[in-house]
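Undergrad: Chains as they are written, first to last, in our numbering: chain C, 1 to 412; chain A, 1001 to 1287; chain X, 2001 to 2230.
Derived from the structure by calculation, the hints contain no laboratory data. Heads up, some of the hints might be wrong.
Calculated lysine-lysine pairs in the DSS-like style (CA-CA distance at most 30 Å, straight line) [what the hints assert, rightly or not]:
# : chain 1 : residue 1 : chain 2 : residue 2
1 : C       : Lys31     : A       : Lys1117
2 : C       : Lys329    : X       : Lys2003
3 : A       : Lys1018   : C       : Lys259
4 : A       : Lys1178   : C       : Lys259
5 : A       : Lys1117   : C       : Lys225
6 : A       : Lys1031   : A       : Lys1042
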Amino acid sequence: MSDSAGVKDVTAEKPAETKEAVELTAGDRQKVVTPEYMFFEAPRERAFITGSEAAKEAIRRSNVDVAISYPITPQSETMQQVGSLWAEGYVKEYYRGEEEIGVMSAIAGSSRAGARSMTATAGPGLMRGMEVIASWPGGRIPAVLLIMCRVVNAPLAIQPDNVELAYLLNCGIILLHGENQQDFFDYTMKAFLISERPEITLPVAVAVDGFFVTHARGYVNLPSKDIKLPPRDPYAEAVPAMDNENPPARLSRDAPIQKSNFISYQVHASWQQEVWAANERARRYINKYMGGLIEVVNPDAEIMLIASGSAVSQSREAVRQAEEEHNTKVGLIKVRSIRPFPTPELRAACKHAKRIIVPEFNYMGWLHREIVTALYGHSKAEIFAGPRVYGGMSMPTEMILQTIFPEKKFIF
Amino acid sequence: MSVKNISITPGWEKYMTKEYQDLVERGPYGKQKKVSEMGSFKEVLEEHPMCAGCAMTLFIRLTMVGLPNPEHTVLIGTAGCGRLALTQTSIPFIYGNYGDTNAVASGLKRGLEVRFKDQAKDVVVMAGDGGLADIGFSAVMHSWFRKERFTTIMLDNEVYGNTGGQESGMTERGALLKMAPKGKMFEKMDMMGLAQTAGVAYIARLTPTNPTRVASVVRKAVMIAREVGPTFIQAYTSCNIEYAIPTPKVLDDAREIEAKRYGFTEIISDEAKAYLDSIDTSKKVKK
Amino acid sequence: MLKRYNIRMAGIGGQGVVTASHILSNGMVINGGESTLVPFFGSEKRMAPVESYVRIAIDRIYEIGEIIYPNVIMIFHPQVITHGKSYTMPFYSGLKPNGVVLINSDTPIALQPDEVRELEERHARIHYLPATTMAREVGGTDLATNMAMVGAIASILGIPDMPSLEQSVRERFLGKGFVVSGGTAALDNVIEKKFAKKEQLLKSNMAVIAAAYQYAQDHGWAAKPQKASV
């Protein structure tokens, strides 16, 4: 007999025999290894590949459940290649979403389902998805977002200006800024682990400057593709998965807006504090897996360059030329993590500095502002606002040298 | 979350609230409840802050009875009146961003399918006409074109009720509302037609005038979504505040609108029909 | 001895400027050095200006992106100078002192007096290579102009060596993970139709490279190894 609703539900539990028909995928054949083995012990081979290919190789080894794509230059190549990983069986689920609001929302959905989820975007795509991305940290959504920086403002351009990262600084997302193809590979894999820690449970964005990293080839040391990271455990996170296998966190369903103002203030205050505390707790794993929030070259130098992303590469060349051709030791601080920001690390590393130079690939100089805020009252150094290039132009090393040695002539 | 998961550890019954004990013992987990039994068991929708006499609340209650598998269902909503009630159900509810429901549902459903190979997990979107036809339009249409396997239920009150009565795409032409000071200038959007164009497997339009029908339509929609493809229910759930319908007359209004322009309609794909036939041994399913 | 060159290549769409930069860059890597390359073009189209930037070095390269201050400039088509078909005007802008300019032209181009003076002030070494003529005569097609340019510059700079260049050409045309644009893939097809066999294409390309390499040697363009002042 059917019930009064007219339809009997006979299909909720799938018959057991469907299980046997499943064939092993390429991903199934990979061996799960510990993060420590993957990052530090596994033998690596040197490859000469583009940043997009480096991202693909990272995803191949990251035991990813769901990847959702949407094209935008210069990101498209990466998510295309992640698509091939799905076709090859290394990624379990993949589709092209309708646009970035849809994609970022779907990532929120798949992550809430307890699946390890990732996507990638660039410039205007990041801006379009921003409403959703800014809500991920409050949703305590572990996911990895790859960003290939490009111009966001009019007039339209596709080159790698990285002003878009400024828009991410205040939403609670963990933000790592890679220098080159090797960083893109390493940071991406580590991002999944950091993101899913129970004491963190936040999205992690891994940014590189587009084209310079994504479309140019560089040396990347890769572990074997026969190994992969351990899977996500959605029951060992700050907020349980919305899979209806356990009661959901109250906040996943109720918005404070439905409560009295004072309950709303209180809920929001404690939640925001917790999001930012979780963001700070990522330090421990950035130190453990990535060798620290900053890297310091020539720590005793009186002139220190502080940079992130591609500006670090240009700065390294400036440091070398200053030493080899101008007999001057110049220091360099590479900022790997923008959120959490390495405030105590920078204060310690800049103690002896007399001049600090901050080369940036954007007009308004977001890194300079961060550094000035961090060092205020902790350094007597002159902090130079620049040099900067705009619209995605690459910074000639000569510009940095000209700032280091104002009395010499580098620019023709 | 099977009924086993929510069951009380023996010996601890007296420490749990009466409401919880009722939910475990008499609630709809693990057993299908009938509409005629409403009031005799602990419903999954607890007390709610909706306006008195709200037709949407009635529709949501009936939907909850209709869900074929509440212990393995996840609800998704967005800003609007509906979520005031939906957050009060004993079913996980995701309240995301504006107009993101069908995109979130796409990711959620696929993520659940990756993780649960042997247990169907039903995903049901319930959102308003503004959330689905206006701000969430692109996500709705694309989820249908992609044949995402979840149910979309539009609580169509033909107005932005929660923000104080503004015109929506589903408002009737000529209706005088906020942001439509000269009356709405264009027709009510044909979401049923769009659903058909997009290849939705099961489309139904109805009002809450026939409680059993609501539960039946919801059950069919959720089950077809699980096995065949996307399903869409467009339900007239009037806003008695913004349309100034006297509270005791809410159902009269529903009957009147139903007779005039909101008659019960089902559009079922051949594949969905074949599926319904295959499970309906008693041949009692209409059409 | 330290060797490091920052090369700006300028030409027009369809000449294989980006392909030339790939071959030179990959040749340097095969040779055991390092190289980075950044192609630059607007919307891809035939006869529109194209630039490509290549860094080649024997030791580690850190820098990325376009090269604003090159010490080597390669002009693949005389119209880059005579018609201003270039993203960088004048064609030698940013050239560092003692730099090299290699121009594809059968005869020297009449430059403006200001240009002549500025190039002299920078002690630029300017070489005119009849690359297209050579490509036609040795390789049987104008499309090998880029090969002549690559052969000559390798001869002038001393890196990469010929076996590495040959390997690079082989990898480029026998497909070893090179990502080419749609337009380039279409051109490849045109070339392939002309040469039924890829091996024949390879031989022909290598012959052009070798001829240009020798041409530069014969004219004494090959610079003595020097410390780069990049």
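Undergrad: All hints are to be evaluated individually against the structure, with a verdict given for each.
TA: Structure-based check of all given hints:
1. Lys31/C - Lys1117/A: holds (21 Å)
2. Lys329/C - Lys2003/X: With Cα atoms ~22 Å apart, Lys329/C and Lys2003/X stay inside 30 Å; holds.
3. Lys1018/A - Lys259/C: Cα-Cα ~24 Å, so holds.
4. Lys1178/A - Lys259/C: holds (26 Å)
5. Lys1117/A - Lys225/C: holds (26 Å)
6. Lys1031/A - Lys1042/A: holds (12 Å)
No hint from the list above goes unmet by this structure.
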